[in-house]
Structures are given as C-alpha cells and as structure tokens.
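Top to bottom, those sequences are chains R and C. The first sequence begins at 1 in my numbering and counts up one residue at a time. The second sequence begins at 1001 in my numbering and counts up one residue at a time.
Honestly, the hints are just simulated from the structure, not real lab data.
In silico EDC-like pairs for lysine to aspartate or glutamate, Cα to Cα no more than 20 Å straight-line:
id	chain 1	residue 1	chain 2	residue 2
1	R	K34	C	E1094
2	R	K72	C	E1106
3	C	K1048	C	D1345
4	R	K66	C	D1236
5	R	K61	C	D1239
6	C	K1341	C	E1396
7	R	K73	C	E1098
8	R	K66	C	D1261
9	R	K73	C	D1236
10	C	K1237	R	D17
11	R	K72	R	E45
12	R	K73	C	E1106
13	C	K1029	C	D1046
14	R	K73	C	E1094
15	R	K68	C	E1098
16	C	K1341	C	D1398
17	R	K66	R	E25
18	R	K61	C	E1098
19	C	K1012	C	E1022
20	R	K61	C	E1106
21	R	K68	C	D1261
22	R	K66	C	D1239
23	R	K68	R	E45
24	R	K66	C	D1232
25	R	K61	C	D1201
26	C	K1029	C	D1042
27	R	K66	C	E1098
28	C	K1205	C	D1176
29	C	K1316	C	D1190
30	C	K1341	C	E1022
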Amino acid sequence: MPHKPQDIGKDADQISDPHGEIYIEYKQVGQTMKVIAVDAATGIEVVIMGPASAAQSHLQKVAIQKLKMQLKKAENPTEPEVEEEEKNTSSPGRKGWTA
Amino acid sequence: MNYEKKFADALKEIKREGRYREFADIRRKCGNFPNAEHFISDEQHDIKVWCSNDYLGMGQNPVVIAAMHDAIDTAGAGSGGTRNISGTTHYHVELEAELADLHGKEAALLFTSGYIANDASISMLVKLLPSCVIFSDEKNHASMIEGIRHGGGPKHIWRHNDLEHLEELLQKYDQDTPKIIAFESVYSMDGNISQIGDICDLAKKYGALTYLDEVHAVGLYGPRGGGIADRDGVLDKVDVIEGTLAKGFGLMGGYIAASVDIVDSIRSFALGFIFTTSLAPAIVAGALASVRHLKVSQIERERHQERARTLKRRMKEAGLPVMDNPSHIVPVMVGDPVLCKNLTDALMERFSIYVQPINYPTVPRGTERIRLTPSPIHSDADMDHLIDALNQLWGEMDLRRAA
Chain R
1 MPHKPQDIGK DADQISDPHG EIYIEYKQVG QTMKVIAVDA ATGIEVVIMG PASAAQSHLQ
61 KVAIQKLKMQ LKKAENPTEP EVEEEEKNTS SPGRKGWTA
Chain C
1001 MNYEKKFADA LKEIKREGRY REFADIRRKC GNFPNAEHFI SDEQHDIKVW CSNDYLGMGQ
1061 NPVVIAAMHD AIDTAGAGSG GTRNISGTTH YHVELEAELA DLHGKEAALL FTSGYIANDA
1121 SISMLVKLLP SCVIFSDEKN HASMIEGIRH GGGPKHIWRH NDLEHLEELL QKYDQDTPKI
1181 IAFESVYSMD GNISQIGDIC DLAKKYGALT YLDEVHAVGL YGPRGGGIAD RDGVLDKVDV
1241 IEGTLAKGFG LMGGYIAASV DIVDSIRSFA LGFIFTTSLA PAIVAGALAS VRHLKVSQIE
1301 RERHQERART LKRRMKEAGL PVMDNPSHIV PVMVGDPVLC KNLTDALMER FSIYVQPINY
1361 PTVPRGTERI RLTPSPIHSD ADMDHLIDAL NQLWGEMDLR RAA
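Full structure from sequences and hints, please.
Shown next, in the form of structure tokens:
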C-alpha cells in the first residue's frame, strides 16, 4: 500500500506515473528551486536544484527521471558475478597496460 | 633529406594561402571581462575581447574564482597522477555526480579536454561494438572525426542537419547492426542548431545509439544549463552527451554523461582517459562551482541571449553580412582568407578589438569569416565601438556588405 513519507511536506503534489505513485515537493529559497521526488512505495527520494523561474513541469520531469534511475539502481544493487576465468583477463586480446 | 626545408616549405605554403595562424599574446583581466592586455614587442595595450568561448564570462565569476582559491589552499596545485593512480580527488567525484545530474544520466566521466573526450569516447564505443557503423553529420567537429577515424569502423557522412539523408543511410542496414549517430547540438562556426529529438526518434526506429556533442550549448541553454537537449526536454532520449567545461562553464576539461555501463566501459578501456594526468583540483573545483551556479541561475543565460540578438540586429542594420542563425554565435562573412586576416589585424592595431580570423580548415575555403561571441558582460558602448570599427574597415577594404 503506497504511503506518504513522513518527511514530505503537506502541500506536496501526488503524481500517478506508470511506475507508481510519486510525491513531488517544491521548496523555493531565493532564486533557487529545490525539487524533491519521492517514490511512495519504497520511500526512495531524490533532489534536484533549478532556477525558481524555470517551468515546474520541466523541473518535475528532470526530478522524476532521476528518481527512476535511482529506483532502477535499487532494483539491481549488485553487479553480476564475474566468472573466475574472466577475472584473470584484463581485456580481450591485451597483455596489460602501463600507466 | 633536407628536413628543415620540408618544414619551411609547408609553412611557406600556408602563409602564401593566407591561413598561417598567429596567436595573440594576451592576458585577461581578472574580474574585468571582456577587457584584456595585449602584449606586443615590449609594449602592452588594453583591448576588448570579442572572440572568447568563455561565453558567459564564468572564467571571471567571483564564485568560481573563490572555489579555485579554496581548492588550492586545501589540496595544493596538481592532482598528483592519472585517475587510476592517485589522481581521483574528491572534487572529481563530486563534479562527475553533478554533471550526471545536469544531464539526467546515471553517470559522467571527466576528460582533460572536450577534444580528448570525443576522440577517446567515440573511438572506444566503436571498438566495443563489433561491426558498428557510424553515421556522422558532415559538419561535426574535428575531434569527433578523429574519434571516428581511430575507431576504425565503417562510416557514413550525412548531409548537415538533413534527416532525410540520415534515414536513407540508416535504411541500408539491418536493425541488428550496431549503429551510432554522432552529431552536435550547436554547430559553432555557423551557429545553427540540430533537431535532437527527431534525430533520436530516427535512432530509436533504426536501433542506433545517439552521441551528442553539446560543447557550444552546455551552461548556455536549458533551464538548468544542460544544453539544447535540456531546453528541448529530450535529455532522456540521448544516449551519450559530451560536453566541455571550457566554454559556458569558463574553465577547461571535457566530459561525457551516459548510463553507468557506457561510462564504466569508457572509463575502463579508453586510452585517452586512462593514460593522462587528471585535471588539477582547482580546475575541477572551479568547474563544480560554475556548474552548480548555472544550474540555478538564469540571469547569465537570459542576458547572453539578449546580447547576441542585439548585436545581430545592430549589425544587420549597419549592412554588415551577419550569417543568420538561431544561436548565440555571430558569424560575419568575409569570404577571403587574406582579407579576413587583414581585417582582424586592423581591428586589433587600430581599434584595440580582438577578433580571431576563422579560415580553412576550420571552415570551407571561400567562407572565411570573423566569429563574434558577445557575452552577458559586453555593454552597449562596447557594441557601438565594434560596429563603428567594422563599418569603417568594411568601407576601406571594400568588403561585400549584406544584400
């Protein structure tokens, strides 16, 4: 059941995305707009900064894009296991590099 | 063999053609852009710079300069090594995260220049994708062309900004053939802009990866300074974005932003990334301050666009042959390499205005030009002075005026 994270403001927008429910909160400090996007299902959140004069729809799109990348990362937290044989090969057809 | 004569003859030839490059010995004045000093013989003169790629004057921005001073006091002068061997400072890590965020990508990777970023990244992408075919816009920058050449795979050159031609070429290959479409957002010598979204749609249709050079747009366009792709709301459609820290951001260095796996592949295999000392901490700290500043500040971008529009309008009114385009670049056609050089020499010597002539091979022969780059800091009085000088010289040299 989606839930509103405790630390998100009362006036946050709730958006239905194909991925699920997302809360978006805008905090203006002077000329700067801080946009917080929170995935309701997991509570994972991201922050982006932009000019306060920019269209909210644009900043929202950027924030949601960033949230989706973060969710993708959370769904695939570990690297695929490397075969023991591959571990010992620096690069196909190379003998190694000197830096 | 007389080696010295061979070199001397090569130089004599480009001098005869009027395209021998002479560098102006200048020193910019801290906090007083676009003013600089010109050193000639034992003298120095005050000049106005009208050809800098520090488009927004961020190289003189107090926030940037303070960050650089602080980094030197904190971390010293150099990075100390390659990225792999002690040269990955915390500044590098922070800047890469900031650039990934700027372009809406999972990761970013710094290079010592935009040229190296293109050469190293494109060549390695081609090598990592067996049988990969590159589709390159005919006006792509030399660094992209070098990257394509070093990649060694088959290539097609599509007519500049001609999407029908691009599609015609893409249709020749199976969906499964690996393909990369390499193009720029703002073409720096003509100032025209590509249709990024449409090109990405074609890429999707034909199963191609997109590689977009945004060096003349990052910092300058988009609500957060993420370039034309940011302005057009199509950041998510582009696979690899390449940018520079040297123009809109006012420092030096280049970068790419892309998925974690693409960035990690280039980090792991690209020789131009691996075998060079990393950028100095002060450079990276300054770039970090610049990127962060331009992410939230629109004033520089708005003023920059206004200055470019005003200069173009005023030059047209004066009958000067400005090449029309939708960007901040103000190219003025001369059409002859010798006249172009004579014009810029006279601007410097008689009017203390510094503009570099743009000759072959940077532009095709017969299209030699001057390229003006008004910044947010160039004043109306600076424009009066420039236009008066150009008008006078245009008459004296009997140069072709606008139709």
